[in-house]
Amino acid sequence: MTALAYAQLHSIAASEEQRRLTPEEAVAELFATAREDVYRYLLTLGLVPAQAQEATQEVFLRLYVVLCKGQRIGNMRAWVFRVAHNHGLTLRGQEQRWRPFDPALEMRIPDDAGSPEQRLIERERRTIIGNAVASLSPQQRQCLHLRTEGFRYREIARILGISDSSVGEFLRRAIAKLRKALDG
Amino acid sequence: MANWRTHPEEGDLLRFCDGEMRAKETARVARHLEACWDCRTRLDDLKQTIAEYVRYRRDVLAPALPQPPRPWTNLRAEFARMEAAGDRGLAWRRIFEHRAVWLVACTLTAGTGVLFYATKERPPVELPAPRAAASVAPPASLPTGVRSATASSATTRKAAVAPGPEDELRVIAALDHIGADLGDPIEVVRTHDRIVVTCIGLDAGRMREVRTALAGLPRVTVELSPKPNISAAGSPLEVVGAPHAPLRAEVARRFDSPAAYEKFVDGLLKGSEAMMARAHALRRLATRFPSDVEAPMSAGAKALLAAIREHHETALAREVSSLHRSVQPFLGPPPALAGDPAQEDWQPRAMRVFADAESVDRLLGAVFAGSQGGTAGDATPASLAIALAKLERDVPVAHETQ
Chain A
1 MTALAYAQLH SIAASEEQRR LTPEEAVAEL FATAREDVYR YLLTLGLVPA
51 QAQEATQEVF LRLYVVLCKG QRIGNMRAWV FRVAHNHGLT LRGQEQRWRP
101 FDPALEMRIP DDAGSPEQRL IERERRTIIG NAVASLSPQQ RQCLHLRTEG
151 FRYREIARIL GISDSSVGEF LRRAIAKLRK ALDG
Chain B
1 MANWRTHPEE GDLLRFCDGE MRAKETARVA RHLEACWDCR TRLDDLKQTI
51 AEYVRYRRDV LAPALPQPPR PWTNLRAEFA RMEAAGDRGL AWRRIFEHRA
101 VWLVACTLTA GTGVLFYATK ERPPVELPAP RAAASVAPPA SLPTGVRSAT
151 ASSATTRKAA VAPGPEDELR VIAALDHIGA DLGDPIEVVR THDRIVVTCI
201 GLDAGRMREV RTALAGLPRV TVELSPKPNI SAAGSPLEVV GAPHAPLRAE
251 VARRFDSPAA YEKFVDGLLK GSEAMMARAH ALRRLATRFP SDVEAPMSAG
301 AKALLAAIRE HHETALAREV SSLHRSVQPF LGPPPALAGD PAQEDWQPRA
351 MRVFADAESV DRLLGAVFAG SQGGTAGDAT PASLAIALAK LERDVPVAHE
401 TQ
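Here the protein sequences come in this chain order: A and B.
For the first sequence, our numbering assigns the number 184 to the last residue and increments by one with no breaks.
For the second sequence, our numbering assigns the number 402 to the last residue and increments by one with no breaks.
What the hints contain is simulated information worked out from the structure, not anything from laboratory work.
Beta carbons: idealized from backbone N, C-alpha and C, even for Gly.
Heads up, none of these hints are tricks.
Among the chain A residues that face chain B by a calculated CB cut under 7 angstroms, a handful are: (1) Q57; (2) Y64; (3) G70.
Straight-line alpha carbon distances no greater than 30 angstroms define the calculated DSSO-like cross-link-like pairs of lysine-lysine that follow: (4) A:K69 <-> B:K302; (5) A:K177 <-> B:K47; (6) B:K390 <-> B:K263; (7) B:K390 <-> B:K270; (8) B:K47 <-> A:K180; (9) B:K302 <-> B:K390.
The task is simple: from the sequences and hints, build the whole structure.
Put into structure tokens, the structure is as follows:
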């Protein structure tokens with residue numbers, strides 16, 4: 001059975017879920033579980049926190065309006081990310097500058113338990129991977145982020161508006177870069 | 001990557017690890033990995049890198065990201081405010097929440113369906129033959145991504161009525177007629193004013209067939225979705241760890257050569273894919289046309305629905321019988337299952353058939369091809385025999401075709 005068939009099944013199951021719930025219930029439920037994920041994604045696109053939060057809420061309201069108009073959406077979570085992605089890029093365009101989320105942010109490595117020596121090694125390792133992540137292209141970082149959110153290649157492709165094979169290639173290159181950094 | 005005796009490339013290993021390969025490719029990579037320490041180490045490195053990134057995201061990045069500056073809005077209150085502000089779409093939704101309005105809408109839709117059938121001039125059970133497409137098919141030169149709405153005089157007549165289940169059924173019947181409801185990347189969605197058929201990444205020839213099949217059906221929009229590379233779509237199998245080698249080795253010993261065994265496994269996986277395509281099509285019918293949607297449909301539409309369903313059931317039964325015959329020598333005596341299938345609507349049965357078929361698909365892969373999907377602990381010939389017996393019990397025409 002192909003992933004495509006699975007995606008169709010997922011889409012049917014989601015439609016069924018949607019049919020059982022009213023638009024209010026469906027959107028409120030998704031909002032409760034996915035808003036933080038969408039907010040974090042928008043931060044990684046370069047929006048400032050207030051802007052990212054407002055955009056997140058707007059995306060869910062847009063979903064509500066679309067559902068009210070009778071449109072059936074197979075995978076609402078993927079839909080929300082797709083709209084958030086486009087909306088985020090528009091907002092960022094209006095700001096006319098690219099703000100990759102604070103690089104210093106990535107350097108705030110927490111100290112875990114363990115011997116001082118272990119902590120040092122761990123810290124160094126995290127710094128290395130942090131630098132490697134910061135050096136990825138925006139597409140590579142977005143693909144990694146969305147894959148970690150549990151989306152399949154096909155869903156990521158739809159969210160970002162690229163092909164499945166490009167998703168595979170971005171992920172491959174991203175991981176190769178991280179591996180190279182870790183291997184030193 | 002055509003030859004799996006050579007080492008898989010980095011991208012293939014990642015797709016393998018992400019469950020983005022077709023079952024057949026997955027099984028071949030799994031077999032290669034069994035034999036190749038080098039590639040197994042590469043796969044471990046890959047997984048380790050992914051784990052490092054996930055840990056970094058979880059332990060470093062997530063805690064460091066700023067929290068939302070304000071409390072989250074109460075969305076339900078916002079919905080109420082939007083309604084109060086008089087959003088037209090929301091007002092319509094409120095109207096349609098009343099059952100009585102639905103009843104009238106359904107009656108109108110069913111009436112429209114009957115009218116359409118009465119004017120189709122064809123036996124009610126016959127799957128619809130494609131009409132001449134010349135006047136409605138969009139020019140072949142239309143670029144990918146361009147919407148092409150089919151139109152007919154009926155479109156104008158019925159423009160004010162929302163498309164109903166019977167309209168959707170006719171679209172599915174037309175797709176079924178050209179076998180396009182068996183795994184082609186085609187999605188059928190009913191909106192408030194039309195039926196949208198989205199085709200993702202179909203080649204030009206297949207696209208033409210779909211357009212021709214749907215030409216003449218009223219208020220159908222064929223949407224061509226750009227690019228996705230279908231070859232990259234793959235199996236959802238999450239292959240982790242080494243496959244169940246001893247079991248497979250025992251089965252493989254019964255074949256003259258590894259090549260013969262590989263051919264046998266390829267045949268099984270191909271059969272399993274065909275079975276799943278039918279099970280999926282059946283389940284799709286059951287979810288799109290549950291009993292409460294089917295009940296008010298016209299006699300002609302019900303007969304058409306039954307014809308499509310029986311078509312899939314017969315084909316599914318044939319695939320299951322063929323698979324069962326192939327693997328029977330490895331399974332031992334067939335298990336006795338308690339009880340006959342209860343008298344029930346076809347829809348719940350279709351859902352059960354799908355679940356049974358999914359088990360068979362997973363177990364076939366695990367027992368014979370060495371792939372593991374989710375819980376592989378139950379991947380034994382005995383559990384496969386039970387899954388097959390359940391499936392054959394639930395597919396009513398299975399024994400008639402043997």
